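Student: One letter stands for each residue in the lines below.
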Amino acid sequence: MENKPQINISNIFNEIKDLNYILIKKSEHFPNYYTGSDLDIICDDKKTLIRKILTIGNFYITKYLFEIRVASNENTKHTKVDFYFGNTLELRFDVHEGLPKFKNVKIRDDYANSLLENKQRLKLGKEDKTFVINIPSKIDDLIFRYIEYFEWFERRPDKLKHLDYVERFLNDENERKIFFNRLHTYMDLVGKDDISAPTQKFSKEGLSKTNFKTKIKRELKYRFPSIYKTLIKIKRTVLN
Amino acid sequence: MLKTNKQNDFQYCIFILWSNGFKNAPEIVDIIRNYPEIEVQKVFLYQTDNIKKFIDQVYAKDDIPKIHIRKKTRYIKRSKNPNVAVVLAVNHRPEEILRGRGEFRHIECQRIKDLKDKIRNQFNPKKTDGTRTEEHVIHATDSEHQVDHLLKVLGYKEGLEHFTKTPNQILSVPHHIKSFSHFVIKKVPIDSVYCHILIGNRNSFSTEIMPLENSPHYKFLTGEPETYVKYIREFSGINITDDYSPEKFNKLAEDFSYLTPPNELNYIITDEFQLNKYVIRNGLHRAVILKNQGYKEILILVKE
Chain A
1 MENKPQINIS NIFNEIKDLN YILIKKSEHF PNYYTGSDLD IICDDKKTLI
51 RKILTIGNFY ITKYLFEIRV ASNENTKHTK VDFYFGNTLE LRFDVHEGLP
101 KFKNVKIRDD YANSLLENKQ RLKLGKEDKT FVINIPSKID DLIFRYIEYF
151 EWFERRPDKL KHLDYVERFL NDENERKIFF NRLHTYMDLV GKDDISAPTQ
201 KFSKEGLSKT NFKTKIKREL KYRFPSIYKT LIKIKRTVLN
Chain B
241 MLKTNKQNDF QYCIFILWSN GFKNAPEIVD IIRNYPEIEV QKVFLYQTDN
291 IKKFIDQVYA KDDIPKIHIR KKTRYIKRSK NPNVAVVLAV NHRPEEILRG
341 RGEFRHIECQ RIKDLKDKIR NQFNPKKTDG TRTEEHVIHA TDSEHQVDHL
391 LKVLGYKEGL EHFTKTPNQI LSVPHHIKSF SHFVIKKVPI DSVYCHILIG
441 NRNSFSTEIM PLENSPHYKF LTGEPETYVK YIREFSGINI TDDYSPEKFN
491 KLAEDFSYLT PPNELNYIIT DEFQLNKYVI RNGLHRAVIL KNQGYKEILI
541 LVKE
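Chains A and B supply the protein sequences, listed in that same order.
Heads up: the first sequence is residues 1 to 240, going by our numbering.
Heads up: the second sequence is residues 241 to 544, going by our numbering.
Where hints are given, some of them may not hold.
With a cut-off of at most 25 Å between alpha-carbon atoms, the simulated DMTMM-like pairs for lysine to aspartate or glutamate come out as follows [what the hints assert, rightly or not]: (1) LYS426/B <-> GLU67/A; (2) LYS177/A <-> ASP38/A; (3) LYS63/A <-> ASP495/B; (4) LYS80/A <-> GLU375/B; (5) LYS491/B <-> GLU512/B; (6) LYS47/A <-> ASP495/B; (7) LYS106/A <-> GLU15/A; (8) LYS77/A <-> GLU374/B; (9) LYS426/B <-> GLU175/A; (10) LYS52/A <-> GLU504/B.
Below, a sample of chain A positions facing chain B; criterion: calculated Cβ distance under 10 Å [claimed, not checked]: (11) ILE50; (12) ARG51; (13) THR62; (14) PHE66; (15) ILE68; (16) ARG69; (17) GLY125; (18) LEU183.
Rather than coming from a laboratory, the hints here were simulated on the basis of the structure.
In this text, all values refer to a predicted model and were calculated from it rather than measured experimentally.
Just so it is clear, CB atoms sit at the ideal spot from N, CA and C, and this is done for glycine as well.
Can you build the whole structure from these sequences, using the hints too?
Tutor: Written as structure tokens, this is what we have:
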């Protein structure tokens with residue numbers, strides 16, 4: 001098999017420049033990538049965006065013997081467009097029409113509109129080879145990294161890097177307020193870690209506000225210690 | 241709810257060719273096929289065991305009075321022939337107008353009416369003085385509402401939805417392909433691509449998977465056009481219902497360029513029937529053209 005070429009990501013982003021999308025969790029190496037990397041895209045028209053990726057992809061199939069594997073889940077409106085070289089995944093486009101689905105976190109669907117409305121344009125490249133990509137606003141980027149950490153921290157300790165990132169960049173008081181405001185507007189916990197359960201239980205008992213808060217904390221601490229630790233950590237970060 | 245074009249810049253329509261026009265069926269279908277802005281999608285035969293009931297069903301959604309319909313269809317009910325030919329087409333420029341007065345007032349497309357009149361003037365049985373009778377050889381629908389109803393009568397349970405649904409959310413794929421959400425686009429040797437071909441005759445047939453070069457389609461391009469002509473004639477209307485013809489094939493083969501704008505994503509669609517062997521589900525005509533053009537490898541879509 002001939003030498004593996006790098007996929008020219010700037011060509012692909014040039015092709016989709018007029019579409020309403022954002023690239024989330026952009027790596028620091030972008031537009032370079034490591035073999036097996038993925039690019040997460042949220043958009044409002046998955047079909048058009050993927051068709052443009054495939055149109056460029058034809059070139060890589062014809063010239064370099066790449067294969068493109070496409071897998072869609074219409075329930076979650078998520079499509080993976082994978083560029084394979086031989087049996088090796090070279091690059092994956094994770095395309096979401098609307099928000100990705102998380103197991104531990106529930107995000108209101110209209111957050112996708114907010115993300116796309118608040119997107120920022122970022123110019124990359126040098127001299128005459130520049131191109132523009134759409135990325136989330138700083139606050140939305142931090143929210144996404146925080147959600148990513150929250151979603152995975154039990155199974156993937158390396159995701160702690162996202163929390164570190166949030167802590168490092170959330171240093172402006174005004175931005176912190178916006179961060180928590182937006183986070184609480186759009187996000188909730190789901191499943192076994194649903195913190196609304198103790199709230200409902202104790203509110204029925206007619207407890208005072210202080211006792212109510214103490215009991216919630218105690219419940220969280222013993223039933224869901226990992227969530228409790230995270231909340232304490234965030235609280236300390238904000239207070240400091 | 242029918243999924244038609246929201247701007248109404250195209251509409252589906254159906255032509256029913258009654259048995260009194262059968263002897264001129266090829267010419268009539270040619271007139272429809274060659275009419276501006278009309279694109280034939282399917283041509284097939286339908287056999288009914290009760291022509292009277294069938295006629296009532298065909299006109300059930302018409303807006304004109306039933307008594308008039310009964311009068312104008314009397315000649316068909318007298319016919320003993322239980323067959324009708326059906327042409328499903330897309331009208332790319334509907335020109336809807338309100339026609340008639342009083343209880344005869346209804347919406348119809350001027351373009352379809354002109355086409356219908358052209359066929360009726362030419363092929364309706366003639367009176368002794370040479371003028372046309374009102375024993376129409378052809379019926380046409382006036383609206384997609386009627387198309388939907390008629391398709392259900394003809395056995396398509398989903399009606400027009402059957403033809404407008406998208407088997408894949410990303411690509412434009414013909415309605416006869418089973419829905420799929422996973423696929424691979426890859427380059428493969430053209431010799432690893434095979435086709436399904438009908439063997440036998442229209443009354444007794446089977447399908448066989450064979451290399452492209454053995455297909456009537458490839459032979460059409462390589463000096464044996466009659467094999468393809470015979471194949472289409474034998475099976476069209478029953479086993480082959482898409483609108484194929486030697487003329488259309490010739491036109492496609494002229495300057496054919498695969499996956500070039502605006503058809504960059506119109507892949508030849510296949511299934512992998514054995515390891516690294518693929519059978520075409522859509523795009524046989526294009527595949528044999530590429531083979532005849534000398535391509536050794538082609539891009540295909542493999543459904544998973």
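Student: Please write out, lowest number first, the hints stated earlier that are contradicted by the structure.
Tutor: Failing hints, ascending: 2, 4, 5, 6, 7, 8, 9, 17, 18.
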